[in-house]
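Residue numbers (the numbering used here), protein chains in the order written: chain E, 77 to 389; chain U, 528 to 1077.
Hints may contain errors.
Which stretches of chain E does chain U cover? Using the computed rule of at least three CB atoms under 8 Å from a CB of chain U, they are [what the hints assert, rightly or not]:
1) 120–126
2) 141–150
3) 155–164
Hints listed in this document are in silico derivations from the structure and should not be mistaken for laboratory results.
On a predicted model such as this, the values are computed, not experimentally measured, just so you know.
Virtual Cβ for every residue (Gly too), placed ideally from N, Cα, C.
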Amino acid sequence: MNWFRDFLLPRGASTLVGETDGLFLFITLLTVFFFFFNGALILYAVKRWRRRSEKEVTPHITHDTRLELVWSLIPLVVVMLIFFWGFRGYVKAWVAPNESMEIIVTGKKWVWEFEYPDGTRTLNDLHVPVNQPVKLVLTAEDVIHSFYIPEFRLKRDAIPGRYTELWFTATKPGIYQVFCAEYCGKGHSDMLARIFVDTPEQYETFLREGDEQVRKMPLKELGRLVWENKGCATCHSLDGTRGQGPSWKGIWGHKQRGADGKEYQVDADYIRQSILAPQAVVVEGYQPIMPTYQGLLREREILGVIEFIKDLQ
Amino acid sequence: MSEGVLHAGAGHAVQHADYLEEPRGLWSWLTTVDHKRIGLMYMWSVLFFFLVGGIFALLIRLELLTPRQTVMDAETYNRVFTLHGAIMTFLVIIPAIPAALGNFALPLLIGARDVAFPRLNLASLYIYWTGAAMAVATLALGGVDTGWTFYTPYSTTTGGGVSLMVLAAFVLGFSSIFTGVNFIATIHKLRAPGMGWFEMPLFAWGMYATAIIQILATPVLGITLLLIVMERVLGVGIFDPQLGGDPVLFQHFFWFYSHPAVYIMILPAMAVISEVIPTFSKKTIFGYKAIAFSSVAIALLGFLVWAHHMFVAGMSLFAGAIFSFLTFFIAVPSAIKVFNWIATMWRGSIALEAPMLHAISFLLIFTIGGLTGLFLAALSTDVHLHDTYFVVAHFHYVMAGSNLIALLAGMHYWWPKMFGRMYNRRLAAIASAIIFVGFNLTFLPQFVLGSRGMPRRYFNYLPQFQDLHVVSTVGSWVLAAGLFLTAAYLLASFRQPKGMPANPWGGRTLEWETPSPPTTHNFEGQPVLQHGPYDYRPEPAPVGVKEMAH
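Next up, chain U with everything else stripped away, as it sits in the complex (with noise of 0.2 Å):
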């Protein structure tokens, strides 16, 4: 096998330690500008409130076990649903991928020493930590009730802390937007000599698209988050009818920034993708520049469809047509993506690790989820299954299913690198298909839930409905034991040594040609690419002429 880097310091005299030991001390730490540090510090704040959001999601399937009470009062299950919808988009699913695992693998991937603004990073996660408190605290003041969409009249004119989880919105965007901009800079400006746009791994590509998104986007969440909050303390009228105000612009300014934000959940989803199955195929990815394109043009094309969310609002008919033709064409770089995918793994060499298991729960997960966005696209049966549980199965399938599961991949992934210890890798694959069955048993009977007229966020439901919500709770705890069961193993690989390769999987990314763990630079010296990132061609490429992927 060739080496795909030259270490322009090829001297190994000097022995560093890896990232993990040099600086030491918890104050090191708290001070890192190590986009890896930042990384772990970022995974480790949004494992511990997908463990809150889960809580609260097992919460919610509890009580729908019966079709009336079951363990809590609709006034406390309305303030649990809207937690769990608020933690897990703001501080699981927004930061999940790109603050964490973006944060410690792109930078690796391009060949950089650290991102380009290594302090804004930092910023970056004590922002997040803020709005995270902020949000935490709003259950000293009664919680929230609203949804984590905040729809107004609704949400200006309830009590408990609204304006507070509304400000920790505000607050949080600006995490997203500072990683949003590193990754811009980053990506322009850091990457190895010889890497050009079409050289770089489609991870890389992934986190330039949400990068894109997160800047562009979040502002306007963060006024209109303003707004509500105005209107409640100041009165200031712009969305309460009773003001003078109009409720259905606040749908607008939120999905505006809220369905692109969709999208900053899954394209760092594919991003991940992107890089396992070429690895675990040992094949180079099929079509690099059509996922590459269909990343930005998802990107694109999600802020021309925020109004799909409102078919049944009161839009004008012509309004609605528009809406519904042009987000029909976020499907076809979407199904690009998943044939692209499919392709790589034919005539390949398939290692079914557990991050390749998780991947390809990721294609079936993402297809059900993808494909069923096609009926709410489409107006007429948008009316009838709008705000039923077809929607919540739906979302769960991209947003849940797809970014989670993704987020497993990448984890499972990059493991070894991050620690140098190695999982138990059976266990691994018997949690992955565990969390799958777990998964679909939860979601899939949500979809016909909802074709049958079951509305979402209800406390009681009708009693024809409750065969299904039992299959769904049910669901629910296979899932739980399957995450359970991956936290498990996950903390125990830290009782093996730190006995990793530089490259356990076989990958043709940078990052593979650094030792597990990295140091705290990451390469000694500068990496020069002397090969495409997905390219397994058994005869190295000549030194110094590079050669590229396709």
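So that you can see chain E by itself, here it is in the shape it has in the complex (with noise of 0.2 Å):
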């Protein structure tokens, strides 16, 4: 059963796997079992009683009320046992215990950002430590997102002007892939975050220091890592193809006219403040979209860019 499993779930990794797990292959090996039973009665009907002359008289069978029975209570028993078996794994995911820590998670157009209890904050990398329950208080800035983290078998919409709420303990270290499940636009597709599910040191380490791997990272490749990661792709292109922003290629060292109609040379400070008050200067010909990164961007990431997008010629 373990390659079947394997086959057509992606490896679990949170405590609510297992119950999740079951009810789907359960309801799985009903659906196989109840196509091929079907399948079949129908092929053996066709088989046996396929028409050989136009003479044929068939019985003329109203009803079995014996039989109508059965085919009746035995799918309302099944799906009864159905509805308890997910009722009880929905509530289980319901209610976090109360010793979970806290993440205030927002989705807006298209990144996710997550705010942790000490006030740290990050663009689509969450760090949770492991066998820690983990709360996550979703909300939105513009339309719904939705927050799915397949390998934990876990969804919750976030929605703007509310406040809704999933929780996870996760049970084993490595990186997990989340998706925006609720379509949003262009970018839909590209809103994709990590969870970082780290050791307890690892964990202590990335509260005081940022990432490892990003505090040792050359600064240009940092640059792409923040490009790829932190939203910038969405809008941004590297190849000079126009997107809701401008393209990176060549700017550097260029000349921008601004929606104000004054020209603005494109070096380093120009970039910081591109980053950090996104309204202070809109190129020309582009929506003044973009959110501010004011926070959410550490220095060091910031240099990334700048030497990133210096080496776009």
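Mind docking these for me? Both chains are given alone in their own frames, and the hints should help you get the complex.
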């Protein structure tokens, strides 16, 4: 059975997985069984009673109350079982333990922002300690998004103007994919985040000094990583293609015309300002839609972006 | 064999031309009140939009051949899947069987000359065309990128022709309501003498159940869609939290219609299957009352389950539990029907003509479609599968697979009655097999994509999902090949002479008692029912005594 589960479902990495997967496999087997059962009955009927002559006479059977009761009551019992099984798992996933660590998650076009209990904020990368119940309080800034972690079998909508909750205890250290599951426009399929399930020591280091990998990475590479993971890629291309925002290709050292008609030299200060106060200068022909990254990027990450753009000639 | 009908005006002195020939001219078609002609015009319109929606579907599948951009950019892709969904839902699946086949067949099946309100019937067709034109006109306004579900606040804040598309759906709703009103009145008032409620063909029960939903649920959608327009145009804050509204309220309103609408799509399909299986099994339907009542049960239960689309949208635990619980009850009448159809085939005399082959495809596809609904009705598994390709696969099995394959079954079944001509039956059998294989090849992999975590409405996807997407895309080509083959031999049938007998399949319902194609007034005189709709016993009942089929 394990190969079958591993074929259909991603590896499980939270305490809720067992319950959900058990029910999933049960209904899968039920579906497969009834498909072949019905298929076999039909095939048998077609083979056995294929019309051989137009004069054939068939028995006049209008109904059979006992048989009909059987095939009404058996499905009824089975679906009630499935209901209770599904309900049990849902309740378990509903009530977060009291000792849960709380993280605020905000979805906006097209990034996920996380705020930790100590005030640390990150974009698209969520670090959590292993074996520690974590409660996510979800909301959204613009439209509805949905926070989906397949490996935890969890999903909850992030809705503007209200708070929804989701909790989990991750059971295995590693990196897990998060998708936005509620359609939210152009960048919907790029609204990806990752959950880093850390050992307690890794998590402490993360809170103190930021991501280890990021700390040691050369600036240029770090810049590319920021572009990929922090939502830049959704609007800014690297190959000159026009997106929601200007492409980064070849802008370094050149002048950009702002919506105010003035020309601006693209240098380190210009890029820094565009990241932290994007509405200050909006390039002509683009909408002023970029959110500020104030407080969301570390100083080193901003330097990384500058080095990265410098290199995109 | 018995003549099931007494022709009151038994003399055949005056030979009328069939309804296709008389009166002649385009104008006579555009102003006709004949239910058969209106049904045909609906059918051609629906088939046209099926082609359009199908081309969009092929474009979607082509784009998804590779994980990144293949043939179009993200914004185009979003518009394409929105149009695919909106066209297929509002212009194809909802009207396909009731308005096209139902209009043609229902009055014939119950021995009526026409529907109760023929002019209203024509009006519904013009409203449909108006709504369709509005939907197409949104392309000129830059298209719509909301998805066919128009979720707020995305739909109230995005650009493009959302207001026009929403108004198009509003207008189309009236066409659906008109058809529903007409069918309910027709079934109540115009049944042939001697046809009690339980002597009606099951197709009529299916249409009746559908009409109940059309009349009760569609107005809610209409109001909801108008609220969207009010918010977009007048800035009244109903759904957008920025204006003090509640986006989840929209989902409640929307699904209060759109979940019953799923049964507007499946009940007529079941209605067709209930006609085809007895005819080609030459055997009375098994469990007539069970099938009839389960149609009505599905129609009524369908109103109580809408919020099962919102288990992860922040509903209370209690509400979630109630809606999940009620949803499971739909499974029971659905299971009853499937077993009844299989039991009808048991000990029958089964002819594997094209309509029957499609009906068998329907049984298998509906089995998968129905059972995979259990994953989504159950709370814990739905949390994982909601808004993934699993849902896409599930509703395509029910809405596309079951509904459209039933449409094909019905078209092949009544084609000789509609046009007096027969298609190439060998090609039809081959095409039904290609369609079955192509359909499953397209959508079966999507279940696995979804359970592995691939969300729906994704332009880019992670490379790990590509293999299954490729299988699915290849499947879409096989499916398209089957459908184009079908179109080809159906059109080629018009080169055959009109020579079909009244009853080419040996059916026992009333439409087979009148010539193929029928005359304008369907029957000569008033047919009087003398045996049940599925009575295949060799000895005719004595004249004047009606026999029940059960």
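Hint-by-hint comparison with the structure:
Proximity of the stretch 120–126 of chain E to chain U, defined as three or more residues with a beta carbon under 8 Å from a beta carbon of that chain, is established by the 4 residues found. Only when three residues or more bring their CB closer than 8 Å to a CB of chain U does the claim for the stretch 141–150 of chain E stand; here the count is 4, and the claim holds. Beta-carbon proximity to chain U at under 8 Å applies to 8 residues in the stretch 155–164 of chain E; the threshold of 3 is reached and the given coverage holds.
Hint check: no violations occur; every hint is consistent with the structure.
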